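Peer 1: Protein chains in written order, with my numbering: chain A, 1 to 339; chain B, 1001 to 1253.
Quick caveat, the hints were computed from the structure, so don't treat them as lab data. Careful, some of the hints might be misleading.
As the list claims (entries may be wrong) - Some but not every residue of chain A turned toward chain B, in silico, with C-beta under 8 Å:
hint, residue
1, Gly3
2, Ala7
3, Leu12
4, Leu32
5, Pro258
Stated by the list, open to error - FRET-style restraints, in silico, Cβ to Cβ:
hint, chain 1, residue 1, chain 2, residue 2, range
6, A, Leu119, B, Thr1087, 46 to 56 Å
7, A, Pro118, B, Arg1128, 33 to 43 Å
8, A, Thr273, B, Thr1087, 48 to 58 Å
9, B, Asp1235, A, Lys254, 52 to 62 Å
10, A, Asp234, B, Glu1180, 49 to 59 Å
11, B, Thr1165, A, Pro82, 48 to 58 Å
12, A, Pro94, B, Glu1192, 26 to 36 Å
13, B, Val1138, A, Arg261, 46 to 56 Å
14, A, Ser22, B, Glu1076, 36 to 46 Å
15, A, Arg314, B, Arg1238, 48 to 58 Å
16, A, Pro94, B, Gln1203, 12 to 22 Å
17, B, Arg1052, A, Leu119, 47 to 57 Å
This one's a predicted model, so the numbers in the text were calculated from it and none came from an experiment. Note that the Cβ used here is the ideal one computed from N, Cα and C, for glycine as well.
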Amino acid sequence: MNGISDAALHHLREVADEPDLSGTPYEIVETLGRGGMGTVYLARDLRLDREVALKVVQLPEGTGDLERLLREARVLARLEHPGIVPVHDAGLLPCGRAFYAMKRVRGQQLDEYARAAPLPERLRAFERICEAVAFAHAHGVIHRDLKPENVMVGPFGEVLVMDWGVAKVAPHLVGAFCCSPSSPGDEGLGRGRSAAKLALMGARGEGSGGGTEAGTILGTPGYMPPEQERGEVDRIDERADVWALGALLGFLLKGKEPPPRPLEAIRRRAMATEPAQRYPQVEELAADLSRYLAGLRVDAHQETVLERAGRFVRRYRTPILLILAYLVMRVLLIFFLDR
Amino acid sequence: MDSRAGDRFPLTRRSVVEATRDADPDVRRQGWESLVASYWRPVYKVLRVRWRLDREDAEDLTQEFFASALVKGTFERYDPGKARFRTYLRTCLDGFAANERKAARRLKRGGGQSFLSLDFAGAEEELRRYGAGEELDVEEYFHREWVRALFGLAVEDLRRWSEATGKAVHFHLFERYDLEGPDAPERPTYAELAAETGLPATQVTNYLAAVRRELRRLVLERLRELTGSEREFRDEARLILGIDPVKSPGGPK
């Protein structure tokens, strides 16, 4: 044969990597993206005749406790929140890889969205990200890989936090979910062959102690706190996500103008090197941001008298303008009446 | 010595690098044939494109390189702990080409003699059609051409597999959609292929899925042969296919 063209070679490498979906109700339509963690395909669910995003991942090396991975998957699948992409199904493929099917999300990645959106809109999107992450924390789940590429913004400004592939699940919570009966929405999780060998979102490198083995570094440089970068798994808690949210806020504040000092102070506090100096919870970070948006004083920033006056003027702009207009009118009236 | 080992199924799926050191002369010969079949094209292309040799000199030097490696036992000295086999081979090639250039030995050895039967015209055609990869460094270029050669051999294996197992329709679909499709002005749809072959569209999907699984298995088998160690095999499989062969069909048993 006469060699293989570059285009054909590229295509063959893709199809040779294609997962074996025999025995599942899915059919691949196209590749949406590839990363170190796996490949995401646009697939058709033939059973329900709808499009889904199908993420296919390699099982982690030496996975011993698949039952635990299944329990973690259940926890993540039950994170029912408008800001968290829902998981429909999960299982093991004949080619040895694991898959999970998610809602197909349409929209822009946060980084694309941020290029065109004005600052107030970006901040409101950030508030919604915080709400989703706070919800996950309330259910004992730490994302650990928050970054612009893992947030999608829909056409109506709705925000979805994606890729919980390196999420950490609190051990006590895993057990609690494990013992509760399955909900009807979990039809894909925990049945038959799929259930027996499931490994997905919380699966990578998780040991039996409820966390990633010490020294294992998961996450993305620039969006992971120092303790995560050093692989100090035991020290990773909700404040790791607070740090990443601070990095996300910094990303959203980038622009031609330097960011307002209170916002910069919020970012700095969220990204403090020592976890104890950060916001202890995402809710507090979100509350500080809400205070800024409402024209109130933010906890993270010690404002000067001038800043306080400026904030006061901005916050009460309308009544101040009305009073000023009234005073001007009075002065003019007195002036003309006296003549 | 006929190096066109790609024309038949390899008898063994062990590493050809190991086979070239085997005590059994038959195993050694087979190892050599497979090794040359997989590497001669990237070697020839690097000599043509990166060493800027004319066609005759590149042909001679390709022959000479493998002949010299056989005589001197160059590949037998390969240490899997130090580098990937393809990196080792390319480094040897660079050294060999540099020495040859310095000594201008072509005249001395009476150029034009060949001991391997290699399809240089086909390699020239590939160079003409697919470019010289000017944007790549020599390592990347060698790798790209090696992957092209690897898939070329696997596709030939696939064709023989389809003939041997009565799956000619499978291969026809694969050829139309996966081999010719990416370069066609308009790739045929599954529905068009179904109409063309008289199969239901779902069957086209299934046939293509099956033939692609087989291709993956054959690529992994070829890769298994062409790497010097288990680790290298797995690393290359991850690099080329994005999968861990140990957990995939076609992986080492």
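Peer 1: State for each hint whether it applies.
Peer 2: Evaluated hints:
1. Hint status for A:Gly3 relative to chain B: holds, with the closest Cβ pair at about 4 Å, below 8 Å.
2. Nearest Cβ of chain B to the Cβ of A:Ala7: about 4 Å, under the 8 Å cut. The hint holds.
3. Because the smallest distance between the Cβ of A:Leu12 and any Cβ of chain B comes to about 5 Å, under 8 Å, the interface hint for this residue holds.
4. The interface hint given for A:Leu32 is broken, as the beta carbon of that residue sits about 14 Å from the closest beta carbon of chain B, more than 8 Å.
5. Hint status for A:Pro258: violated, given a least beta-carbon distance of 39 Å to chain B, over 8 Å.
6. Under the hint 46 to 56 Å, the C-beta atoms of A:Leu119 and B:Thr1087, about 50 Å apart, fit the expected range.
7. At roughly 53 Å, the beta-carbon separation of A:Pro118 and B:Arg1128 lies outside the given 33 to 43 Å, and the hint is violated.
8. Between A:Thr273 and B:Thr1087 the CB atoms are about 41 Å apart, so this pair departs from the stated range of 48 to 58 Å.
9. Taken as a hint, the range 52 to 62 Å is violated for the pair B:Asp1235 and A:Lys254, whose Cβ atoms sit roughly 37 Å apart.
10. Between A:Asp234 and B:Glu1180, the C-beta spacing of about 55 Å keeps the proposed range 49 to 59 Å intact.
11. One distance hint, 48 to 58 Å for the beta-carbon pair B:Thr1165 and A:Pro82, holds here, with the actual separation near 51 Å.
12. A C-beta distance of roughly 29 Å is found between A:Pro94 and B:Glu1192, which places it inside the suggested range of 26 to 36 Å.
13. At about 53 Å, the beta-carbon gap between B:Val1138 and A:Arg261 stays in the expected band of 46 to 56 Å.
14. Remark: the range hint 36 to 46 Å for A:Ser22 to B:Glu1076 is upheld by a beta-carbon distance near 43 Å.
15. Look at A:Arg314 against B:Arg1238: about 55 Å separates their beta carbons, and that is inside 48 to 58 Å.
16. Our hint of 12 to 22 Å for A:Pro94 and B:Gln1203 holds, since their Cβ atoms are close to 19 Å apart.
17. Taking 47 to 57 Å as the suggested C-beta distance range, the pair B:Arg1052 and A:Leu119 conforms, at roughly 56 Å.
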